[in-house]
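Undergrad: Okay, here's what each chain looks like letter by letter:
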Amino acid sequence: MSTRLQKGGRLIDRSRALEFSFNGKRLMGFQGDTLASALLANDQMLLGRSFKYHRPRGLVASGAEEPNALVNLGTGARHEPNQRTTTTELFAGATATSQNHWPSLEFDLGAVNSWFARFLPGGFYYKTFIHPRFAWKHIFEPIIRQSAGLGKAPREKDADRYEQAYAFCDVLVAGGGIAGLQAALAAAGEGARVILLEQAPVWGGRAPVDGDVIDGQPAETWVKATIEALGKMGNVTLKTRCMVAGVYDHGYVLAEERVADHTPGDGRPKKRLWRIRATRIVAATGAIERPLSFAGNDIPGVMLASAVRDYVTNWAVSPGDRTVVVTNNDDAYRTALALREAGLSVPCIIDARSNADGPLPQRARALGIRVETGKAIAWVKGGKRVTGVALCLQAGEGAPLEEIGCDAVAMSGGWSPVVHLWSHCGGKLTWDAAQAMFRPDATRPPTSHDGQALVFAAGAANGALTAAEALADAARAGASAFGKQPGPHAQAAVSIEAPLEPVWIMPQGAGPGLKMKMWLDPQNDVKVSDVQLAAREGYESVEHTKRYTTLGMATDQGKLSNINGLAVLAGALNTEIPNVGTTTFRPPYAPVTIGALAGESRGDIFQPLRRSPIHGWHETHNAHFEPVGLWRRPYCFPVGGETHQQAVNREILAVRSGVGMLDASTLGKLIVKGPDAGRFLDMLYTNVMSTLPVGKCRYGLMCNEQGFLSDDGVVVRLSEDTWLCHTTTGGADRIHAHMEDWLQCEWWDWQVYVANVTEQYAQIAVAGPRARQLLERLGGMDVGKDSLPFMTHAEGTLGNFPVRVYRISFSGELSYEIAVPASLGLALWERLIEAGRDLGVIPYGTEAMHVMRAEKGFIMIGDETDGTVIPQDLNLDWAISRKKADYLGKRGQERTHLASPDRWKLAGFETLDGSVIPDGAYIIAPGVNDNGQRNTQGRVTSTYYSPTLKKGIAMGLIRGGLKRMGEVVEFNTVSGGTVRARVVDPVFYDKEGEKQNV
Amino acid sequence: MSEPVSALGHASFDGFARIREIGPLGMLTLRARPDVAGLTAALAAIGVTRPEPRRMALTGERGCGWMSPDEYLVILPYDEANAAMAALSQQLSGEHHLVANVSDARAVFRIEGAKATQVLAKLMPVDFATLAPGELRRSRAAQTAAAIWAEGDGFTLVCFRSVAQYMMGLLSHSAMPGSELF
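Line order of the protein sequences matches chains Z and F. Residues in the first sequence are numbered from 0 upward in steps of one, following numbering that gives the first Met the number 0. Residues in the second sequence are numbered from 0 upward in steps of one, following numbering that gives the first Met the number 0.
If we strip away everything but chain F, and leave its shape as in the complex, we get (with noise of 0.2 Å):
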């Protein structure tokens, strides 16, 4: 078999933040009630903590993000996925839920630096100075649809694995030095 590969092949852009296409990264999509008995301790499990709403519980390489009352986002590394989703739906059994592996279904980015939140407001709609701490924002960038949080020096993003060229585009044509906001 061969190796898995990114959208990308992890392609970079150097402006006035750093663009980095990362991946694959493992992600389960988790559909489950608030209320399923033993979902906190389904995800506990599989080593990720529950989210707050709106938020994306961030531990080491792993996190979970709040995507709707009743949808989960499961970080993990790409080869550890589908253990994840059999041990969760093992944990789950018996309760209505579905579990899915997105991991191939997706693309990430990273925007990095002092001004990566720059490069995001060029391309959505959000209010960045009221992104609370652990904030996951599902909003867009430009004409697609996006995730993001932030993390370490900078901020992660989601995007669909088929627009992902689209994405780097975007993010390479708004972090190009000179055209910082402020």
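One chain only, chain Z, in its complex shape (with noise of 0.2 Å):
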């Protein structure tokens, strides 16, 4: 049994006793344990099961390379999957559930996987999807569907809120154990501006657990006297519960700060991104220790023996009565000797080495604990938790010497170094076969954008495992860091410990019986044996064996499994590991909650939706909103229980028979002035605008260099230098950069200047036959037929609104725009209202508007223009001038391809039973193409139901265009079949252009 111990947990307090909940079973805790600790003492050493054989697991580590201990974590709103809970602190209230297992935890029918393990092995997903060829789709992928997945997503919207935070350092400093303490001491001393961030809630890391003595003091009595003179000093930033998940580009850092995890519901955000610009960074994120491949290792019970270490000194957790150490190096012997500190039994030291006989090993001895050198474990006995372990010879095969009764072994690999963030941004690794680990290559360091090194790896990160060492690299890493040279640093004992002796395989001659129960990942369920087949299959590169096999591919992407796996992957393969290499280190370096990523961008505040003045009206007022671009425009204004069909219906109705009023405020309004204005404009516009006389209005196209159409509005010359550019409501950031693309780059000694007054100006068009009548009750400036003609414009007042009004219409009835100052945009557009109430005035939306112009055949940007069309192809010849000698796009449209009689060019089309075309329909051609497919010959870009016409009309390309006038051809339906329709001319109502001209 795995119990609390009656004293010592150097983090918990007992006094605040917490309640909390796994499985429904109700638990105690102490503030400061984590989830894990808490249920381990509570005798949950079953928490889990694995992905493909659902074997049961248990807890394997105390900290962020932990593979097993992932939880549900929370109900309902605030309900988590893959809470890993070595790093989830222990809250009052908490409820865990455990992951992947059907119908309980305890009883698993997913076991029965395990009894087909042969059939199982590595590659099994690949080999499926070749063969049988119906077997994937059919069996395997259903099957394997079911079962995937650890936790559960959640349902419900997150009733947390997220955020994010830029900062700005010097030297960031990612670790705050002693190293990263100590480095960050040496960098702030220099004057850095330094930013030192710890994951865990605690300062310190390891040293205080491992009873180092640093400058004559215990560890943690160093720790808490160098986080006091840390904190007072003005250049230094400190933050706990808060990763430094990835290092990116020229010193781009996120980490992140678990704000409220531990507090739901306190109001805070429960997580906060930080995104840090810092000039250099020290990894100090010390070194995880690596599990031993023996056959059983996956048994609940058999943990890391620096975990045990940690469960017993940090939280007063005993894993059982009796654990047996099984090791390949000294430092494991200090977990021998805390369990024993702690009154517990350790029935054997199981060393894989021929000979023990540094001080740790000695003072184990001297406690009179066993220790058998040159020995391994054949097997470790029990299922849902460890009972034993059978003792044999490392050098052996497996052949039982003897079976020691346990509650649990701690094992020890030796250590890896944490490298992730030196790897991130292309830091390259060295063997270093003294102590059987990958570490940072300092020669070749990842490099930011002056060259020099980005990242500096201090302490056990750097391969530095002693205090002592380790106090040392960190001074030099945190001043080297800041481009100074390292000065006094604290001073560590010395320990003196024995080289391990590497150990991948255990015992060393292990038959494919027991290679089959060595787990080297125990949550993907990748086994010894499934890396050997990988490389007898000829997987030789690391890459393509993790992803064969599936290796590190799990949720703690390989923390544990790495190095032994691509160890035994060397092995099989009769190379040596640096041939072999490591797998890519990717940030993050533990899963960043999306959340986090997302930070406040949700809810309202999910975009910067963009508002007219006139907004809040419409939406008082009923509208569907469309989004045009991050705008968001009123569609229609249903009214009663109209249908927005039948409201667009009505609004067309209403404009072509009175007047309607539509918020055009969202028109992209470039102005334009200098000297060279006219010319620039010739430039971009495809006919003149150089000599359009002040006061006047003209259509113009705008065309990229290629030739195709880009964009279209209404210019209007305000003065002798100065126009004014209608750009689309799409358009109008493009377009504006558009042109100071063309002015800063290109022509730069041009005098023009741009400005965006798009915001300025709330607009109003006023449109239909009683149109002028509504304006000429407002009073002030006159609106006639002959004072304010088609096309021109004029300032002035109306109903004391300063205003400039432009006469152009885009419904093809008498119809003004009025432009007025946005801060009284509102009022005027409810005064137009009120004023217009008896002439039966109604608010329209885009879509009458939309139906209104192609009732006209004028050519809507988006709908008639795809990137691919020119102005030619919509029949816009008229609008293109053939006296310039340049403009934008000239030499691009007289490209064959674009010149060529064949292209697709704009008709109109009527069907012959008055039905209304698809949306996206083609026309078809006789015959197939080489892929089997239909011909066409055109396509359908709008198509809408006419309520002035009471039929369906259409704009489309069809090859040939007007020339084909009268033909009927056939458009295809989603539903299948065709429907038939006759070329007609665009313009379908009154093509005179009679009723915009009164």
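Some hints here could point you the wrong way.
Claimed, not checked - Some chain Z residues near chain F, calculated using beta-carbon distances under 8 Å:
1. 264
2. 265
3. 266
4. 625
5. 627
6. 674
7. 677
8. 754
Simulated from the structure, these hints should not be mistaken for laboratory data. Everything numeric in this text was worked out from a predicted model, so none of it was measured. Just so it is clear, CB atoms sit at the ideal spot from N, CA and C, and this is done for glycine as well.
If you follow the hints, you should be able to join the two separate chains into one complex; please do so.
TA: See below:
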């Protein structure tokens, strides 16, 4: 049984008991516990099931490297899957449930998979893709999809909120162990702006647990004093519960702060993503202990030796009365000593080395602990928890010498530096044969913009495993990161440890039966036998083997399995470990919740929605909105129980017979001014704008350099050297940038300034036969036929509002567009609505506008154009000047393909039966193409029901264009079959244009 | 004529910093090369000081910000904007320039209190520790363009009018009590 010890526990506060639950069981823990330590203290050894075989899984580790002990945490709107219990702080009321089992954790039917393990070897998935052909789709995929996935996806909207924050520093220190503290001291002492981040809630890392002595004091005392000293320095920022997740180019660092993970519902953001720009980074991220590969090393109760030590020392939790320690190094003896100090039994230390005579083994022997050198574990006994181990010779094949009863096994295969942050931006590793580890190669660091090292590894992360080495190394790293020479640093008592002996398979001569039970990746169920099979099947690259076997692809990303896996691969390929190399270390170091990445961007502030000055009125008048860029524009204003289609039809008829108002504020408005402005606009537009008289309006087209139609709008001349260019709603910012691009990069010597005044004005279109009558009711300027003729503009007042009025029409009716300062936009709109009440004035939306312009045969950017259409395709030759020497797009339009008479060109279409052609329909042609698809000769670009004409109308592109007038063609439909339509003039309504010019 | 109204009608939020939408504020965009003759005098004539690069020169309720090597932002009372625009045009006639009234195109916010910086540090990639006195910073707040300068007991922030509600949402979210960064 695992249990809480009577005494000790440096991190727990026994005066503050916390109740929590696991699978509905009510359990007690203490303030300072992790969820893992609290579960273990309650004898909850079995915590989950593995991914593939549904094997029982218990705690292996005590930190971010934990592969097994993941739970569903919280309920309802605070439910989160795959929460790592080892890094989850216990809080009162925490509810956790185990994952990946059915029907229950204790009895899991999926465990039958393990009986068929020999049929589910490495590469299983890939093999099922291939043979037999039908099997993947119909048999394997449905079954695997059923069983895949660990936790349950949340079903409710997240109740929590998240945010981000920006920070800047000279030196960012990742890791608040003694190396991180020393590095921060060294850099800050030289005057650097330092940010020091620690993922855990406490400072100090492993040193206090391992009993290090620094400057003559216990490590814990030194840590406390150092944090106090750093806290007093104005140039140092300290954060716990903040994990550096990734290092990116030029010192960009992402870190995740767990602000309210442990205090859910207190109103604070659950997590905060820090976006840090650091000049240099010190990676003081420590090291992770490696498991040993022996049969049954996945049985609950087999844990890392360092984790056993942590549970005993930090949280006063015993993993069992009797713990066997198995090791290939001296460090694991500390676990035996810690267990004994806590009054627990260590039946045996099994040391794979032939000799173990250093100070630590000697202390163990002096305590009377049995030490067996040259020995190994043949297999672990037990099902859902350890009951004993079989002892054998490490040099042999696993013949049992003796069985030793125990409740837990503490294993240590040596240590691997956490090189992730070093590697994210391309830092290279070197194989340190003496310590059997990959560590950062200081001669090949990741580099920053200046070609200098970006990351400096420090302490255990740099392979300096002992406290004395780590402090010296960290002082060097901290000072170097700020371009300084290291000064004096803290001194730790030297501990003498004998070298480890690499052990990748235990015992070394184990046969297939044992190797099938040696787990490398306990979450994804990858065993020594799987990696060896991959090698036999030709997977020589470690990256390929990883994907073939899924080694290291679990949510822990191979923190425990990586090195052991590639060492086994190296052995199977009969090559050296450095020749195999490692897989790529990619950010994030440990999973970052999507909520933190989204930050504040959800709900009302998901996107910067743009609202016109009249937006609020639309909302209160039942507008149905549609997105246009980031704007929301009224699509229509349904009245009573109207459908959108009914509302659109009503709005159109009301405009055509009376008067309607459209909020056109979103139209782009660019002022272009200067001595060269006319010349500039003549280059931008296909027609001539320099000759436009002051006071007049002219419709213009803009193309890109390739000749394709890019934007259109009405240009007005405000004064001798000033024009105002209207763009489409979506084109305002793009065309402004387009203008600036040409002015800044190509025609930098032209004297032209552009100002985007889109939002300065609310713009209201008043359209319909009664439009003039409505404006005249407000009084002020003369808007009569003769004083303000079609395609002119004037400034003045309407009802005391300062306005500029344009006589332009997109509906084909008598129409005015009125620009008024945005701060007065709503007032003018309401005034017009009020004044026009008895005229039957109605607000109309974008869909009515679209239909009315289609009735008039006016093109719409984005409907008739899609980036492959030139103005000539749309019969807009009248808007292209032939006199001008050049304009943007002219050369492009002369290319043979664009000048071809064979192009699809604009025409109108009327169905023979009056129906509406489906959106996106193609005009079919005889025969099929090389792919067996029906040939086409055109497509519809705009298609609507016209309430004015009481039938379907459409515009589209057809080979030959208007030359085909009168022909009947066939459009395909979504439901199959075709619809027949006659090619007609695209101007369906008021061909002479009399209505707009009255 | 009605009274001009700001985008949000002076909405406010009290968190660990105080957020207020203010305005409408008079604003002119002036485009002119720095070597234009009489530029300094023209600005002085409308009561503002020509700023150093990247600075906001504040004088009472008026100010002039350096927006780019050939762009300035003039701040003044809303009612004076048109007259000031005419005056500037008059002063600079004959020189290549552009002046536009953008008072209505903008929304203006005040972020006030001892921790005002923390509200903005959540939204803007700005190193506030190195922000010089009087500095005008054009940057972004979350997903939208914003300019800020320190003024009084906090900062003044200018953004486009159409995103005023988004900006208010951002600032309020960031200023929520308990979410202080330090």
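Undergrad: Now tell me if each hint is right for this structure.
TA: Taking the hints in turn, this is what the structure says about them:
no.	hint	result
1	264	violated (12 Å)
2	265	holds (7 Å)
3	266	holds (5 Å)
4	625	violated (16 Å)
5	627	violated (12 Å)
6	674	holds (6 Å)
7	677	violated (14 Å)
8	754	holds (4 Å)
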